[in-house]
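Q: Same order as they appear, the protein sequences are chains A, B, C and D.
With our numbering applied, the first sequence corresponds to residues 1 to 296, in that order.
With our numbering applied, the second sequence corresponds to residues 1 to 296, in that order.
With our numbering applied, the third sequence corresponds to residues 1 to 296, in that order.
With our numbering applied, the fourth sequence corresponds to residues 1 to 296, in that order.
What the hints contain is simulated information worked out from the structure, not anything from laboratory work.
Keep in mind that a hint or two might mislead.
No copy labels: a pair is met if it fits in one copy or bridges any two.
As the list claims (entries may be wrong) - In silico EDC-like pairs for lysine to aspartate or glutamate, Cα to Cα no more than 20 Å straight-line:
#1 K13 x E257
#2 K138 x D281
#3 K138 x E257
#4 K13 x D258
#5 K155 x D281
#6 K248 x E220
Protein chains: 4
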Amino acid sequence: MELAMQRKIGKLKKEDQGRLVLSCPNQPGIVAEVTRFLYEREADIIQIEQHMDEHFFLRVVFQCDQFERRIEEIRQQFAPIAESYEMQWRMVSAARKHRLAIFVSKEGHCLQDLLWRFQTGELEAEISMVISNHADLKPLVEPYGIPYYHVPVTKETREEAARIHMELLEPAKIDTIILARYMQIIPSWMTQRYRHQIINIHHSFLPAFAGAKPYHRAYERGVKMIGATAHYVTEELDQGPIIEQDVKRVDHRYSVEDLKRIGRDIERIVLARAVRWHIQDQVMVDGNRTIVFSGI
Amino acid sequence: MELAMQRKIGKLKKEDQGRLVLSCPNQPGIVAEVTRFLYEREADIIQIEQHMDEHFFLRVVFQCDQFERRIEEIRQQFAPIAESYEMQWRMVSAARKHRLAIFVSKEGHCLQDLLWRFQTGELEAEISMVISNHADLKPLVEPYGIPYYHVPVTKETREEAARIHMELLEPAKIDTIILARYMQIIPSWMTQRYRHQIINIHHSFLPAFAGAKPYHRAYERGVKMIGATAHYVTEELDQGPIIEQDVKRVDHRYSVEDLKRIGRDIERIVLARAVRWHIQDQVMVDGNRTIVFSGI
Amino acid sequence: MELAMQRKIGKLKKEDQGRLVLSCPNQPGIVAEVTRFLYEREADIIQIEQHMDEHFFLRVVFQCDQFERRIEEIRQQFAPIAESYEMQWRMVSAARKHRLAIFVSKEGHCLQDLLWRFQTGELEAEISMVISNHADLKPLVEPYGIPYYHVPVTKETREEAARIHMELLEPAKIDTIILARYMQIIPSWMTQRYRHQIINIHHSFLPAFAGAKPYHRAYERGVKMIGATAHYVTEELDQGPIIEQDVKRVDHRYSVEDLKRIGRDIERIVLARAVRWHIQDQVMVDGNRTIVFSGI
Amino acid sequence: MELAMQRKIGKLKKEDQGRLVLSCPNQPGIVAEVTRFLYEREADIIQIEQHMDEHFFLRVVFQCDQFERRIEEIRQQFAPIAESYEMQWRMVSAARKHRLAIFVSKEGHCLQDLLWRFQTGELEAEISMVISNHADLKPLVEPYGIPYYHVPVTKETREEAARIHMELLEPAKIDTIILARYMQIIPSWMTQRYRHQIINIHHSFLPAFAGAKPYHRAYERGVKMIGATAHYVTEELDQGPIIEQDVKRVDHRYSVEDLKRIGRDIERIVLARAVRWHIQDQVMVDGNRTIVFSGI
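Generate coordinates for the entire structure from the input sequences, incorporating the hints supplied.
A: Shown next as structure tokens:
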């Protein structure tokens with residue numbers, strides 16, 4: 001009751017909260033085993049959600065006194081279970097903040113929106129840096145005291161730019177890169193290095209209008225709804241696992257400029273949702289599909 | 001793997017599938033206890049979903065050889081656990097079909113839609129009878145071979161009509177009554193007898209426009225979206241727990257007749273979803289709110 | 001006032017109501033000229049809507065005593081104006097009912113839905129025949145007293161089948177063909193013969209998943225919304241002008257079967273809207289885009 | 001053609017563009033008369049839209065060389081026509097910018113969103129001042145160089161505060177007041193002074209949850225969608241003509257805090273749309289309903 005009430009009023013202490021996220025081959029007894037393990041460590045389950053496809057996927061959020069202090073010990077105790085079920089897993093503290101780098105180009109609406117959500121505490125993570133191939137959005141970032149790195153990119157210098165990016169990202173121990181309308185192609189080796197850790201917002205309802213100028217093409221095709229798609233970046237352009245999508249109805253009266261304007265609102269909301277779910281460990285990847293567990 | 005594949009291709013045998021639905025005071029260890037119980041009986045969990053509010057709510061779907069034959073035995077084994085946690089619970093076979101009575105008045109769109117969904121197998125239940133205060137929709141029902149009872153109702157004969165209804169419902173062991181635009185008030189004693197077993201479709205986005213003539217009032221108020229609400233019927237008119245709602249955008253060009261026409265599409269889809277979730281034991285009631293677990 | 005009130009209560013007499021639909025090169029004064037023409041003939045404008053793109057598009061609905069009787073005379077009077085502005089135009093009585101042929105294959109949900117909407121008067125047109133490459137849906141159509149023609153089609157007999165279709169369609173003076181999940185390719189010469197008079201419902205949010213098995217491909221791609229698209233059929237498969245689209249949110253828990261089930265509800269509603277707009281002369285084609293004027 | 005192309009690429013000069021907005025009793029010939037008037041002044045119609053209810057409503061956007069210079073002359077010429085039809089009307093230059101005052105309390109999301117939209121040129125108006133009963137949001141406004149007036153309000157000082165507001169608004173010739181989550185009641189005499197010129201964003205899908213704490217009440221009622229409503233402020237709290245509404249699906253897993261968070265996104269988008277339509281003269285009031293004509 002206490003716990004439910006704390007949760008209800010949003011007062012659960014993050015330091016006492018853990019998340020266990022795992023996938024493994026289907027096999028009977030996994031849920032029983034995992035929940036018994038947690039019960040024996042006096043970890044109360046706040047939320048449990050599973051999904052069964054070719055593989056089995058599980059996310060458990062639990063409350064456990066002084067979890068952050070005991071996390072290494074509990075991880076070690078869980079390791080043999082994980083091994084016996086051939087699990088891919090991670091156990092993290094809810095108090096741990098993701099370290100993010102935001103990549104932008106010239107359009108500031110997604111960046112501005114994310115900055116505002118982090119500032120007001122709606123999203124909880126640490127924005128370590130903003131990287132851009134243009135200097136335009138520096139004034140937007142400066143008031144927040146976040147470093148803004150201007151790394152120009154041309155077709156010829158793409159590889160070199162990516163190496164400069166890595167020299168910025170690696171020492172800062174960046175967990176996740178957000179392409180907030182970055183509009184540049186990321187080299188394969190970098191998408192592999194940050195596998196399922198780069199989130200892009202594409203300004204169409206994928207798979208429709210992958211690639212360049214989606215709003216122009218949506219106009220030409222005469223679609224009756226436009227959309228945006230947040231997805232993990234993989235080697236193939238705009239083909240990675242989709243995290244979230246949304247759409248808005250339009251009609252023949254809307255010009256390309258109107259579509260862009262309306263699209264901006266969809267883009268920033270879809271991206272914000274995807275980032276939220278990602279940093280709360282709600283998203284798992286199953287082949288080229290995502291499983292998005294509900295958060296708390 | 002086998003199980004996942006069967007599920008994927010929709011080939012899980014219903015006879016081997018069970019559902020356990022329960023609520024109880026919050027307490028640690030419930031999930032561990034329940035999943036261990038199922039594991040020890042070689043019941044593989046297909047889906048588990050929980051919710052924690054003042055109370056704890058759980059729904060487990062499991063696969064268990066010859067479950068239907070063994071159901072009584074397993075229920076008896078589970079009873080002591082249920083008692084120790086003060087659970088309200090039920091354990092049912094997925095093969096068991098709900099027995100439904102559909103109440104209608106003169107408008108046939110919801111009835112026609114439900115009949116079609118049951119006939120095509122999209123909804124799996126047994127429609128035992130249709131009851132109406134008018135004879136109008138009899139021709140719609142007859143081709144399906146379902147009994148149609150015409151029980152006229154006036155303000156003065158409401159109680160008497162309800163008693164006639166009971167004489168039809170009780171011998172047929174009706175589980176659930178669906179008010180598919182029935183437009184008549186159900187007496188309190190009957191809503192209590194069928195507590196959380198009567199589903200009504202109200203033609204507005206409740207709590208807006210509870211009561212009579214919602215489309216006229218939506219028109220007068222100039223709302224920019226109209227909706228429909230499926231809810232359990234309680235003593236208070238249009239105040240019961242909401243199961244599902246949906247809306248559709250409208251504008252100043254829509255007449256009341258247009259709102260009614262568009263509303264019909266929302267009503268039948270919202271009602272169909274609510275009925276589906278109810279007969280699959282996905283809906284639990286928490287005070288005046290519903291928890292709708294995902295189905296499979 | 002009288003007129004507004006008649007309209008409000010849905011009591012405008014169809015016989016006194018006309019529609020003028022036209023497109024022409026942009027030029028000043030068109031609206032003034034057209035509205036003066038109507039005013040001089042004592043035709044009151046009930047609704048006027050225009051669109052300006054490379055071309056100019058106009059739809060006027062007007063009230064005019066005994067319009068149906070005078071229609072030929074008024075058409076002849078309008079012809080010189082139309083010529084001077086190089087208009088493509090048609091002037092029709094609202095009382096005139098479109099003559100439709102519905103093509104189906106084995107899936108009956110769109111057909112059943114359309115039949116119901118026509119029967120209840122929600123859609124006003126004459127369904128002259130149903131044509132199918134299978135006999136399956138005959139029982140669905142028979143109670144309505146509409147002829148059902150079973151014309152089997154194989155890859156080899158496609159042309160021959162189309163010729164049989166024409167022998168059915170031409171004597172019946174069919175205006176519009178509705179492919180209600182017909183699943184067969186229409187020969188080019190037939191799409192040209194019925195240019196912008198064949199409406200197809202495609203079970204995806206075009207241009208995504210054009211072609212076969214869209215729900216399977218939507219599942220594989222892991223999209224977070226599925227949709228349906230009603231469009232005019234042209235020579236290129238699933239590439240014709242889009243009339244209407246809608247979508248519904250889905251997630252990782254939905255199997256292909258679930259997508260099909262949910263898709264059926266989107267398909268029939270999207271198709272019904274497109275048919276309604278088409279038979280009320282609300283749809284104009286502008287290149288590969290449609291203009292959908294609002295109806296009354 | 002020229003005009004269409006200019007429009008298509010968003011290059012219509014605002015100074016050459018006019019808007020005529022009018023309502024009058026229904027009568028034949030109005031559209032013919034108005035369009036002839038414009039044609040004779042070499043004003044090309046870019047968009048025309050009408051609506052007929054008890055009254056007749058019309059909005060015409062036209063292109064006319066040097067309209068801004070000639071506006072007074074054209075207004076005078078139109079006056080006799082307006083009088084003969086008993087029109088309420090206004091004729092304005094598209095280049096004229098509305099003068100806005102934004103009222104806020106402590107929550108900054110709507111304010112921040114509007115400031116951003118005006119800064120990027122998405123909304124075209126002049127924000128003359130921000131007025132608040134708290135000092136909290138001053139830092140948000142300062143970088144934009146807009147005056148921020150802190151006028152504390154208590155129940156007792158409401159009238160006095162309103163007089164101070166008027167001393168700020170009147171000299172600045174404010175056209176429209178936007179209550180961007182102001183949370184204070186506006187005195188009747190002030191709503192009458194700014195009749196249909198005060199826009200409020202209410203954080204519920206009106207008429208549901210009018211008044212205080214709508215998200216708490218939405219949670220308690222267990223609705224499956226939450227919404228926001230932009231409306232004109234009248235004497236009766238939350239009862240004025242609705243301009244725009246939108247909703248978002250929620251479920252039992254959402255806490256009140258979640259509803260608030262999701263609501264913020266709906267609120268700011270709904271408010272931005274309403275403001276856009278209002279400052280582009282797209283909104284007309286018909287009793288307690290609004291007519292929202294499409295913009296260009």
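Q: Each hint: holds or not?
A: Results for each hint:
With identical chains, the CA atoms of K13 and E257 are at most 20 Å apart between copies only, with a shortest distance of 16 Å across copies and 46 Å within one. For a Cα distance limit of 20 Å, the shortest separation of K138 from D281 qualifies neither inside one copy, at 30 Å, nor across copies, at 36 Å. Proximity of K138 and E257 under a CA criterion of 20 Å is satisfied in neither setting, with 25 Å inside one chain copy and 33 Å between copies. Taking CA atoms no more than 20 Å apart as the test, K13 paired with D258 passes between copies only; the shortest distance there is 17 Å, against 44 Å inside one copy.
For the identical chains of this complex, K155 and D281 are neighbours neither inside a copy (35 Å) nor across copies (46 Å), given an alpha-carbon limit of 20 Å. In the homo-oligomer, the alpha carbons of K248 and E220 lie at most 20 Å apart inside one protomer (17 Å), although the nearest pairing across protomers, at 24 Å, exceeds that limit.
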